[in-house]
Amino acid sequence: MAASSLSSTLLFSSSLSLPVRRGRNHVSGSVLLPAWSSAGCSQAWLSSSSEKPFGSIRLSSSPRSHIFAASAVTGSTETSAVGEDTTEVLDKVEVFDLNGNAVPISDLWKDRKAVVAFARHFGCVLCRKRADYLASKKDRMDASGVALVLIGPGSIDQAKAFVEQTKFKGEVYADPNQSSYDALRFVSGVSTTFTPGAGLKIIQLYMEGYRQDWKLSFEKDTVSRGGWQQGGIIVAGPGKKNISYIHRDKEAGDDPDIEEVLAACRS
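Per UniProt numbering, the sequence shown starts with residue 1, numbered consecutively.
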């Protein structure tokens, strides 16, 4: 079925069984995709024939489920620096390395240029793809003297699990309070998470063999804010206030063109 033929109110009208390929952290078999209404979002799990689904997710349409959702329509790629108010707030934000050491986030690019990717959460299948997508260009970043960093909302233990599972080549930090996400005004909300575009990307990733880590996805540190947080990518430094590029995800899986990111690395 062509993507353009999908109804705006019903993403999948029935369960689909799709083949998948084997790969790193991948499981061969078929993927079961239950009926998923983008209006009601009554079910949101994916499983393979060799994996038991965690269960279905019941979503509320209450106003509290749409934190920052109104700003999603304006989320976009910007090539100009963020405002001074944003850099001042970031200067007070701390993230944690894998050893539990607190690090002022702006120190990550104070003395160097860095590509900093912000994950939705450490169990997110879309974020695991983003990690691979960026790591595949790390040699070009290295050649330009640019560091690759990934930050996720959650605990240090979750960050460690992410590194163990993905073998991510860059630096990884945890932001338990999601303070950096708030400072950078990354969007959040049910309406930015369960979209037709995100659903199609998840199908594609499952067919490629990627898997969501449901254990990480349903831990307290992830669900405390509903799991609806979106991320983004910045290119920053040298200099604490020097953020030359920012991409705010409009919805889950909204990756920017990698050439835009690399161009910002060279600028």
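Fair warning: there could be bad hints in the mix.
Taking lysine-lysine pairs in the DSS-like style, the calculated list, with each CA pair at most 25 Å apart, reads [what the hints assert, rightly or not]:
no., residue 1, residue 2
1, Lys110, Lys240
2, Lys92, Lys241
3, Lys215, Lys169
4, Lys201, Lys167
5, Lys92, Lys129
6, Lys240, Lys138
Have a look at the derived ranges for each label pair, beta carbon to beta carbon [unchecked claim]:
no., residue 1, residue 2, range
7, Gly145, Gln204, 13 to 23 Å
8, Arg112, Tyr133, 16 to 26 Å
9, Gln204, Asp91, 37 to 47 Å
10, Val103, Glu208, 27 to 37 Å
11, Asn242, Leu98, 19 to 29 Å
12, Leu98, Glu260, 39 to 49 Å
None of these hints come from the bench; they were simulated from the model.
Keep in mind that this is a model prediction, so the values were computed, not measured.
Note that beta-carbon positions come from the ideal geometry of N, C-alpha and C, so glycine has one too.
Here is how each hint holds up against the structure:
1. Of the supplied pair hints, the one linking Lys110 and Lys240 holds, its CA atoms being roughly 5 Å apart against a limit of 25 Å.
2. Using a Cα cut-off of 25 Å, the hinted pair Lys92 and Lys241 holds, with the two alpha carbons roughly 12 Å apart.
3. Between the alpha carbons of Lys215 and Lys169 the distance comes to roughly 23 Å, so the proposed pair stays at or under 25 Å and holds.
4. Straight-line distance between C-alpha atoms of Lys201 and Lys167 comes to about 22 Å, which keeps the hinted pair within the 25 Å bound.
5. For the proposed pair Lys92 and Lys129, the alpha carbon gap of about 30 Å is over 25 Å, so the pair is violated.
6. The suggested pairing of Lys240 with Lys138 holds, with an alpha-carbon distance near 22 Å, which does not exceed 25 Å.
7. Taking 13 to 23 Å as the suggested C-beta distance range, the pair Gly145 and Gln204 does not conform, at roughly 33 Å.
8. Separation of Arg112 from Tyr133 is about 22 Å and conforms to the stated range, judged on CB atoms against 16 to 26 Å.
9. Against the hinted window of 37 to 47 Å, the Cβ-Cβ separation of Gln204 and Asp91 comes to about 39 Å, which satisfies the hint.
10. Hint check: Val103 to Glu208, Cβ distance near 33 Å, so the stated range 27 to 37 Å holds.
11. One distance hint, 19 to 29 Å for the beta-carbon pair Asn242 and Leu98, holds here, with the actual separation near 26 Å.
12. Evaluation of the 39 to 49 Å hint for Leu98 and Glu260 yields a failure: the beta carbon distance comes to about 29 Å.
Of the numbered hints listed earlier, those contradicted by the structure are 5, 7 and 12.
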